[in-house]
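Enquirer: Residues per chain, in single letters:
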Amino acid sequence: MADPTRDVRQRVLRVLGSIAPEADLHALDSREDLREQLDIDSMDFLNFAVGLHREFAVDVSEADYPRLRTLDGCVAWLEQRTSG
Amino acid sequence: MPSLGADMESGRLLEWRVKPGDAVHRGDIVAVVDTDKAAIEIEVFCDGVVEKLLVPAGEQVPVGTPLALIRAAAEPAVQAGEIRQVPAAAAPPSPAGPAPQPASQPSPSPGASVTAAGPRASPAARKLARERGVDLAAIAGTGPDAAITVADVERAGAAAPPPVSAMRRTIAAAMSRSKREIPHYYLGTSIDLQPAVAFLEARNAARPVTERLLPAALLIKAVALACREVPEMNGHFADGAFAPSAEVRLGFAVALRGGGLVAPALPAPDRQALDEVMRMLRDVVERARAGRLRSSEIAGQTITVTSLGDRGVESVFGVIHPPQVALVGFGRIAERPWVHDGKVLVRPAVHASLSADHRVSDGHRGAVFLEAVARFLQRPEGL
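Protein chains in written order, with our numbering: chain A, 1 to 84; chain B, 1001 to 1383.
If you are wondering where the hints come from, they were derived from the structure by calculation, not from laboratory data.
Among the hints, a few may not be true.
To be verified - Quick list of the computed label-pair ranges, beta carbon to beta carbon:
#1 A:Leu-25 - B:Glu-1131: 23 to 29 Å
#2 B:Ala-1073 - A:Asp-33: 28 to 34 Å
#3 B:Arg-1292 - A:Ser-30: 28 to 34 Å
Said to hold, decoys possible - Just some of the chain B residues that point at chain A, by a computed CB distance under 8 Å:
#4 Glu-1201
#5 Ala-1205
#6 Pro-1208
#7 Val-1209
#8 Thr-1210
#9 Arg-1212
#10 Leu-1214
#11 Arg-1257
#12 Gly-1258
#13 Arg-1282
#14 Val-1285
#15 Ser-1296
#16 Asp-1310
Even glycine gets a Cβ: it sits at the ideal position worked out from N, Cα and C.
In isolation and in its complexed conformation, chain A is listed as follows:
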């Protein structure tokens, strides 16, 4: 049976891969700051938010940005947003 959390995580990683194609995403610490680990700047982060918006059909407001700081945070936020 499919694991929904794992599926969300894979889709987030795919979005990240399009922004930092050279990064080794398997080496990401899912509890650490994504910007620091992937050396992404504000333009990359905006593109990440746009990528999540397109992949998951959710609105990503600037107030949501702190929830997207880590991979775990992203997954939890997306699961909350897309459930029900």
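Take the given structure of chain A and dock chain B to it, following the hints.
Expert: Just chain B now, kept in the frame of chain A:
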């Protein structure tokens, strides 16, 4: 082969996007060229029909080498020389001239070890030499007709110092020239960004993520508008004189993910709405990082803006990119204590710096310029 930077000597034609017989229009992308800094899309500057491709994909040729013949609409077809007959040196410096230029020069003499593209070498040897930073001209070839082989390059590479990337060499050349020739002076000021940050928050809250503005768009527009007020910051210093530019072509420094940077041009941000400045910025940053900039975007910048705040630094005092005469640096936007009407408040602020060429302007004019940047940022709704 167009010159895609002051220090570019040659470029490798990576790919043709057109073939003989294709109609082309001014601004079309016709080829991709690999310079020392990046793969650049080459635009054509006239309307016509591709008569002949003169340089095959994969070839490295000096700046000025004709790449193709373009026949203007009303002209008859001409007979062009063979690809290998195109000489390197005495060619006009346009990538694809408006009229056909028959290549009637003599072909290289048989057995010569130097061709239009430099020393004779196998494609694999050229690739390896490029990767390892080995100068082909310094190698004696042991292959047929004294051609340089992979083994020759490997031997030379073993004796060479550790390779420096081509990107690093290009930046080193431009920045060394800058520090040799340009008497820089530096000014810095802290700018209250409360109005700008409030403006951005309100504007972005009402918009989808795809239409969101970043502070960089405001900073760029404020600098471009200040250039109109202080034209000594906007233009080129060449042949002992300063030529101010009527247009602002603002170079925005983009750090590349593999290391190094490029500063592609944003045309006339002073005359564009903020949304358009942001659209141009997103587009050019994305393509810079994907290696898909166009030739017209990496030439002719009249001033540069660099913003390093994302990595946490408070200030940046940059090196001017010659022949430009000024560079504006922005640090991190952060909350700081700010004295206003006798009270200490917490305000979002940014440190702005100006590096300017003392041959062209004095500190007083530089101060007027930075003051104008700060003033425009106090009225973001007017940007």
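Enquirer: Work down the list of hints and note, for each, if the structure agrees.
Expert: A quick look at each hint next to the structure:
The hinted window of 23 to 29 Å between A:Leu-25 and B:Glu-1131 holds, with their beta carbons roughly 26 Å apart. One distance hint, 28 to 34 Å for the beta-carbon pair B:Ala-1073 and A:Asp-33, is violated here, with the actual separation near 57 Å. Judged by the Cβ atoms, the range 28 to 34 Å given for B:Arg-1292 and A:Ser-30 holds: they are separated by roughly 32 Å. The beta carbon of B:Glu-1201 is positioned within 8 Å of a beta carbon in chain A (closest approach about 7 Å), and the interface hint is therefore held.
With a least beta-carbon distance of about 7 Å to chain A, the hint placing B:Ala-1205 at the interface is held under the 8 Å criterion. Below 8 Å, beta-carbon pairs count as interface contacts, and B:Pro-1208 has one with chain A at about 7 Å; its hint therefore holds. At its closest, the beta carbon of B:Val-1209 sits 5 Å from a beta carbon of chain A; the interface hint therefore holds under the 8 Å criterion. For B:Thr-1210, the interface hint holds, the least distance from its beta-carbon to any beta-carbon of chain A being 6 Å, beneath 8 Å.
Given the 8 Å rule on beta carbons, the hint for B:Arg-1212 holds: about 6 Å separates it from the nearest Cβ of chain A. At its closest, the beta carbon of B:Leu-1214 sits 6 Å from a beta carbon of chain A; the interface hint therefore holds under the 8 Å criterion. For B:Arg-1257, the interface hint holds, the least distance from its beta-carbon to any beta-carbon of chain A being 6 Å, beneath 8 Å. Interface restraint check for B:Gly-1258: the shortest CB-CB distance to chain A comes to about 7 Å, inside 8 Å, so the restraint holds.
With 8 Å as the threshold, the beta carbon of B:Arg-1282 comes within range of chain A, its nearest partner Cβ sitting at about 7 Å, so the hint holds. Because the beta carbon of B:Val-1285 sits about 5 Å from the nearest beta carbon in chain A, less than 8 Å, this interface hint is met. Among the interface hints, the one on B:Ser-1296 is violated; its C-beta lies about 22 Å from the nearest C-beta in chain A, farther than the 8 Å criterion. The interface hint given for B:Asp-1310 holds, since its Cβ lies 4 Å from the closest Cβ of chain A, which is under the 8 Å cut-off.
The structure does not agree with the numbered hints 2 and 15 stated previously, though it agrees with the rest.
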